[in-house]
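Trainee: Single-letter residue listing:
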Amino acid sequence: MKKIVALFIAILMVASVLAACGGNGGSGGSGEKASALTVNIWDANQQKGIQEIADKWTETSGVKVNVEVVDWDNYWTLLEAGASGGTMPDVFWMHSNTVQMYMENDILLDLTDYVDKDSSIDMSKYYEGVKDLYTRSDGKIFALPKDHDTIALLYNKAIFDEYGVDYPTSDWTWDDMYEAAKAITEGSDGSIYGMAMNTSNNQDGWYNLVYSYGGKVITDDHKGTTIGSDEAKAGMEMMRKLLTVGAPQSVVAETGTDSLFQSGKTAMITQGSWMINSFYTAEFHDDYAWALLPYADVNGNGTCEKEERWSAYNGLGWAANANVSDPESCYSLIAYFCSEEGQKLQAEKGVTMGGMTGVSDAFADAFPGMDISPFLEAEDYSLYFRPYTRNTTVWEDALQQAGAFLDPWQNPEDADLMATACDNAQKIIEDAIANE
Amino acid sequence: MKQKTLRKKRTKAQKREMIWALCFIAPTIIGLIVLNFYPVINTLWQSFCKTGDFGKGNTFIGFENYGKVFASSEVWHSLWNTIKYALIEVPFGVVIALILAVFLNKKLKGTSLFRTIFFLPMVCAPAAVAMVWKWLYNQQFGLLNNVFGTNVAWISDPKIAWISIGIIGVWSVIGYNMVLFISGLQEIPGDYYEAAEIDGATGIRQFFHITVPLLSPTTFFIVQTRIIGALTIFDLMFMVMDKTNLALQNTQSIVYLFYDYAFTQGNKGYGATIVIFLVIFIMIVTFILQRAEKKLVYHP
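Chains as they are written, first to last, in this note's numbering: chain G, 103 to 538; chain W, 23 to 322.
Simulated from the structure, these hints should not be mistaken for laboratory data.
Don't take every hint at face value.
Non-contacting residues of chain W with respect to chain G, defined by C-beta distances greater than 12 Å in every case (computed) [what the hints assert, rightly or not]:
#, residue
1, 32
2, 113
3, 114
4, 122
5, 140
6, 177
7, 260
8, 268
9, 270
10, 316
Computed cross-link-like contacts, EDC-like style, restricted to lysine to aspartate or glutamate with a CA-CA straight-line distance of at most 20 Å [said to hold, decoys possible]:
#, chain 1, residue 1, chain 2, residue 2
11, W, 265, G, 509
12, W, 156, G, 360
13, G, 529, W, 96
14, W, 90, G, 538
15, W, 265, G, 360
16, W, 90, G, 533
17, W, 72, G, 538
18, W, 72, G, 173
19, W, 78, W, 96
20, W, 265, G, 499
21, W, 72, G, 533
22, W, 265, G, 498
23, W, 265, G, 473
24, W, 265, G, 173
25, W, 181, G, 509
26, W, 78, G, 499
27, W, 78, G, 538
Predicted model, so just to flag it, every value in this text is computed and none were measured.
Glycine included, every Cβ here is placed at the ideal spot set by N, Cα and C.
Whole structure, please, built from the sequences with the hints as guidance.
Mentor: Below, the structure written as structure tokens:
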């Protein structure tokens, strides 16, 4: 009897191992139509909407789609491991941090021929920065633009009311933001911070100050930086002033700026449009409102010129695995996501703004009760594409840490520290680019 | 010559037995080769290379990576951080566990309940443990500061962050050490204690003159495995410390540094070199410990 039980257990174990091995639907074999596609994304906020759009595609194609979320850090570890010899998902997101490395190594499915044959995809309709990002230097296309995002100022009306400070307006300069933050921090004796920004809030934070004042974190040819220039230093000097009335570094390093904001400990943060949903569904969302990012009155005429207000924009791309068994279906899914219909659905459902121009108006209406028009208005001013080079993570991480901007963040009273940090940053970026 | 005769003597049945034996250990051997030996050799090879993306295009560069590692203050600083962590975790983890084990080895009511409670941290996933402690330590909303009415930056003050991390390590490891100690204690014959009692030895004298020497093989085993464990610590720092935390520099362990280079920055070759550096260091420590074993451990 015992033997039979033992045998039974052994068989069960073997069977479960085999089942685990055979679990991946898409890969292996070639030319056959897949019955299901695996899609990997990193943003849980978008999972529901993306799955709904994918289900629409399933209705016509008959191929099931499983959308799986892997958080940002693990996403890249897993994808790289998959690319190095494991199994990759069939269709997945690409990002400006890493896409060049993936394109150069032919990890991604070449979409050029499919796009050429497909009359429904017109590459000129997409945002140029996003389109260029996913096109290799030899003109081959490896991902279609999924979306674009912009940055705005998020503030807590209840805190502004409590301390009798006027709400942010579209005429605000960064100095106005400083005054308001100062009034709140001082009015509350430091129990509530006027604003909060961590060194890691780059695209959604201090990069925008650098550009407003005329500096460039990465130059347009992606081969250099002007972060050590006087213009960039002026921007970072403004940043330093804001930090003197904002949450200290020790606080934001332990509790993220988003959590500080949602727990009513800080009155203002800057955030990207990809985060709207998490604030829209937050407990006290009635108190939250968005405003245009402040501008820098560089020429001193008191009005905002187009080139005085800058918002970063970035766009994800839909890419597929180069070794996928059923490239036709993968392309078809990507093309649907990036078609006018898919892009409009994406905006309507409040997932994100589109990668295609002129499809995002519905996005503003996707959040009844919360006015998110500043994200769309930001496009009337200047946009810069999120700074990237071939291996962005290397310098991006270094800039956040000690030896670069963590030092002035730690001690914002010292103006020289910020200027030194800008010089250090110049060197960090130049060295990193030289090593790429 | 003797070997040869032995070989000849092997019968058919013995041969068949050997084949079967090989079959039975094959899963383990294959597992070891695929999951341990191959990665070890590959890591060693990568440490001599400038690695390309996605494991392609590695170029041999000799000892260049090693030169960089030895010249890097960051690596030495991380090694020192790791040693500091070990200096907290190993002594405190061992002493506290030993005291608890002695108490819980007595025939008291509820010992099994207490044993379970102390062992619980060992059952929890390290990542979950780290997350809970991270919130306990939080300066703004943390339980510690709230209960004591203090405003200490437990994990972002570079002066104390390494101690805070060490405390989590001690807490996590006590249960495991304790169970090993209890099993060691149960192997000490009760006669010794009876004889000592008749001679009039107090409980404390008994502890230092009977328990400690007779337990020394177990203690040595625990110390040695815990030193190796502490030197390869990674998850605590990774989960508790944010990248923008100023104290990170003073707490990041050497495995954390390896992770950062190999996986975040994608510089596999340099990462591999850091790990080989750590392996060599652990080998030296283990060698010294093995040499000291004869002197430190009491063999009756």
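Trainee: Run every hint past the structure and note whether it holds.
Mentor: Hints, verified against the model:
no. : hint           : result
1   : 32             : holds, 30 Å
2   : 113            : holds, 28 Å
3   : 114            : holds, 25 Å
4   : 122            : holds, 32 Å
5   : 140            : holds, 29 Å
6   : 177            : violated, 7 Å
7   : 260            : violated, 10 Å
8   : 268            : violated, 6 Å
9   : 270            : violated, 7 Å
10  : 316            : holds, 44 Å
11  : 265/W to 509/G : holds, 14 Å
12  : 156/W to 360/G : holds, 17 Å
13  : 529/G to 96/W  : holds, 18 Å
14  : 90/W to 538/G  : holds, 17 Å
15  : 265/W to 360/G : holds, 16 Å
16  : 90/W to 533/G  : holds, 16 Å
17  : 72/W to 538/G  : holds, 12 Å
18  : 72/W to 173/G  : violated, 29 Å
19  : 78/W to 96/W   : violated, 28 Å
20  : 265/W to 499/G : holds, 8 Å
21  : 72/W to 533/G  : holds, 17 Å
22  : 265/W to 498/G : holds, 11 Å
23  : 265/W to 473/G : violated, 33 Å
24  : 265/W to 173/G : holds, 16 Å
25  : 181/W to 509/G : holds, 16 Å
26  : 78/W to 499/G  : violated, 24 Å
27  : 78/W to 538/G  : holds, 16 Å
Violated hints, listed in ascending order, are 6, 7, 8, 9, 18, 19, 23 and 26; each of the other numbered hints is respected by the structure.
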